[in-house]
Amino acid sequence: MSMLRRRFLKGLIATAASFALPIQVSFAKSYLTIEQAQKILWPEQKLTPAPVDLTEQQADLIEDLSDIRVRNHHINSWRSEDGGWFIVDQVIGKHENIDLAVAISAEGKVMGIEVLTYRETYGDQIMHPKWRAQFHGKDSSEFLKLDKQIKNISGATLSCRHVTDGINRLNHTWSSVLSKIAL
Amino acid sequence: MHQIKRCQPLLGTFIEISLQAKLPEKALIASANIAFKEIERVQQALNFHRKDSELSQLNMALISAPNTTKVLSDDLATVLAFAHEIHLVSAGVYDISIASKLMIDKHLPNHLDIPHSSSAAFGSFSDISLQGNSICSTKPVVFDLGGIAKGYAVDQAIAKLPENISGYVNAGGDMRVIDWKNQQVSIKYARRPSALKALTLRNTALASSGSYYQAQGSQYFHPKTQRYNTIKGCISVFANNAMQADALTKVIALMKRKDAKPILKRYGASAIITNRFGFSRQVN
Chain G
11 MSMLRRRFLK GLIATAASFA LPIQVSFAKS YLTIEQAQKI LWPEQKLTPA PVDLTEQQAD
71 LIEDLSDIRV RNHHINSWRS EDGGWFIVDQ VIGKHENIDL AVAISAEGKV MGIEVLTYRE
131 TYGDQIMHPK WRAQFHGKDS SEFLKLDKQI KNISGATLSC RHVTDGINRL NHTWSSVLSK
191 IAL
Chain R
159 MHQIKRCQPL LGTFIEISLQ AKLPEKALIA SANIAFKEIE RVQQALNFHR KDSELSQLNM
219 ALISAPNTTK VLSDDLATVL AFAHEIHLVS AGVYDISIAS KLMIDKHLPN HLDIPHSSSA
279 AFGSFSDISL QGNSICSTKP VVFDLGGIAK GYAVDQAIAK LPENISGYVN AGGDMRVIDW
339 KNQQVSIKYA RRPSALKALT LRNTALASSG SYYQAQGSQY FHPKTQRYNT IKGCISVFAN
399 NAMQADALTK VIALMKRKDA KPILKRYGAS AIITNRFGFS RQVN
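The listed protein sequences derive, respectively, from chains G and R.
Count along the first sequence from 1, then add 10; that gives the number in the working numbering.
Count along the second sequence from 1, then add 158; that gives the number in the working numbering.
FYI, nobody ran anything at the bench for these hints, they're computed from the structure.
Any given hint might turn out to be false.
In silico lysine-lysine, BS3-like type, Cα no more than 30 Å apart, as pairs [said to hold, decoys possible]:
(1) Lys264(R) with Lys104(G)
(2) Lys104(G) with Lys163(R)
(3) Lys49(G) with Lys195(R)
(4) Lys163(R) with Lys119(G)
(5) Lys195(R) with Lys104(G)
(6) Lys259(R) with Lys104(G)
(7) Lys180(R) with Lys209(R)
(8) Lys104(G) with Lys184(R)
(9) Lys355(R) with Lys104(G)
(10) Lys49(G) with Lys390(R)
(11) Lys119(G) with Lys318(R)
(12) Lys382(R) with Lys419(R)
(13) Lys209(R) with Lys56(G)
(14) Lys163(R) with Lys56(G)
(15) Lys184(R) with Lys56(G)
Computed from a predicted structure; not experimentally measured.
So here's chain G without its partners, still in its complex pose (with noise of 0.2 Å):
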């Protein structure tokens, strides 16, 4: 009898750990590279790199005008020849992380909006370092091997507001800085 307690126990426990442990599987997906998504966004404009650092005041003001949360103070930004503009952003959102192109043009209409990479997230996972490391990276290609590539995906629906706050904020991002850097 009680060696049939221990069994079950052992079990239990066993059963237990495995819900306690921190497992990062994660699954992503690529789509595009960012040359890949600058050619569809902007096709026969070369683009020049302007990154755009903004500071505490110009963060404030777009947290306080989109009601959404800026991140990231860095903007990883291109300019065109006529003045438009390609930025990479990352979204995260409650079960997803999202690397986004998004192309605004010079009268900051937003022209394409293309996902590059979407990474399924669970639970704690983004509070976790090695998942936080990649915010400050240009290149997320060395942490995508990590994760599990899935061909096709059949699923219930994903919400993609996170994606369209992403985008209030970029609107809001462009009206109140990049508009005003000359050419």
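Position chain R relative to chain G; hints supplied.
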């Protein structure tokens, strides 16, 4: 052989288009652009969430003046006619007019400002008379085309692609694969990222439905019992087109197996239900 894989946020979700052919990459990009444009066009007509869509205009008209006859575009007329057909076939269980209830229960945004006390004032799909491109109703109603609009968008986008291109279009669970034979697709059956199960395709269209992404819980509202049905796991339907596949996931979610089977058969469809532990069973 070139391949291109793109993803854009449209129809309130993520639209993936993957194309491959013995064509230069430029040609694949151009074809993907045409397919995305087509989805954008369908979104402009059928999106519930946009106030300026044709569907929202129709909803507003069906609330304020249900009795007057309204003229529909071909897109909206096609999707509503199909919704009506499934409504009849499922004995009223499939009903896209539950949108008013979903809005009052905050599962859908109430951007049409319908009063919260008014659920009894709304009619159902049986109050509708739909003839060709014209519609009128005896009671106020609100439609949410939800999944079938996505399915329709996928079907329309696929139809725009040239014949020598292979690949797939995937819109938040509604998928069409061009060369589907012997291809596998991973089904996501629970929230955790590792909850994926590989299934072999049985038809060109596959729709999956589940509520694991929904923080507020189930959205499968049964109009007869006036209750939300809970689905733990994922329902996947293989059919001839994505619009049918999507509608049939809801039929399976809401109806008894034995009542749902003849409906699947009628459309030449089959289904697989995967529970939250990843065990699948077949319905057909």
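Structure-based check of all given hints:
1. Lys264(R) with Lys104(G): Status holds; Cα separation ~19 Å.
2. Lys104(G) with Lys163(R): 24 Å, holds
3. Lys49(G) with Lys195(R): This hinted pair holds, its Cα atoms lying about 17 Å apart.
4. Lys163(R) with Lys119(G): 25 Å, holds
5. Lys195(R) with Lys104(G): This hinted pair holds, its Cα atoms lying about 28 Å apart.
6. Lys259(R) with Lys104(G): Distance of about 26 Å is within 30 Å: holds.
7. Lys180(R) with Lys209(R): 42 Å, violated
8. Lys104(G) with Lys184(R): With a Cα-Cα distance of about 35 Å, the restraint between Lys104(G) and Lys184(R) is violated, given a limit of 30 Å.
9. Lys355(R) with Lys104(G): Since the Cα atoms of Lys355(R) and Lys104(G) sit roughly 22 Å apart, the hinted pair holds (cutoff 30 Å).
10. Lys49(G) with Lys390(R): 43 Å, violated
11. Lys119(G) with Lys318(R): 27 Å, holds
12. Lys382(R) with Lys419(R): Between Lys382(R) and Lys419(R) the Cα gap is close to 19 Å, so the pair holds against 30 Å.
13. Lys209(R) with Lys56(G): The hint is violated at about 37 Å.
14. Lys163(R) with Lys56(G): 23 Å, holds
15. Lys184(R) with Lys56(G): The given pair, whose Cα atoms are some 17 Å apart, holds under the 30 Å limit.
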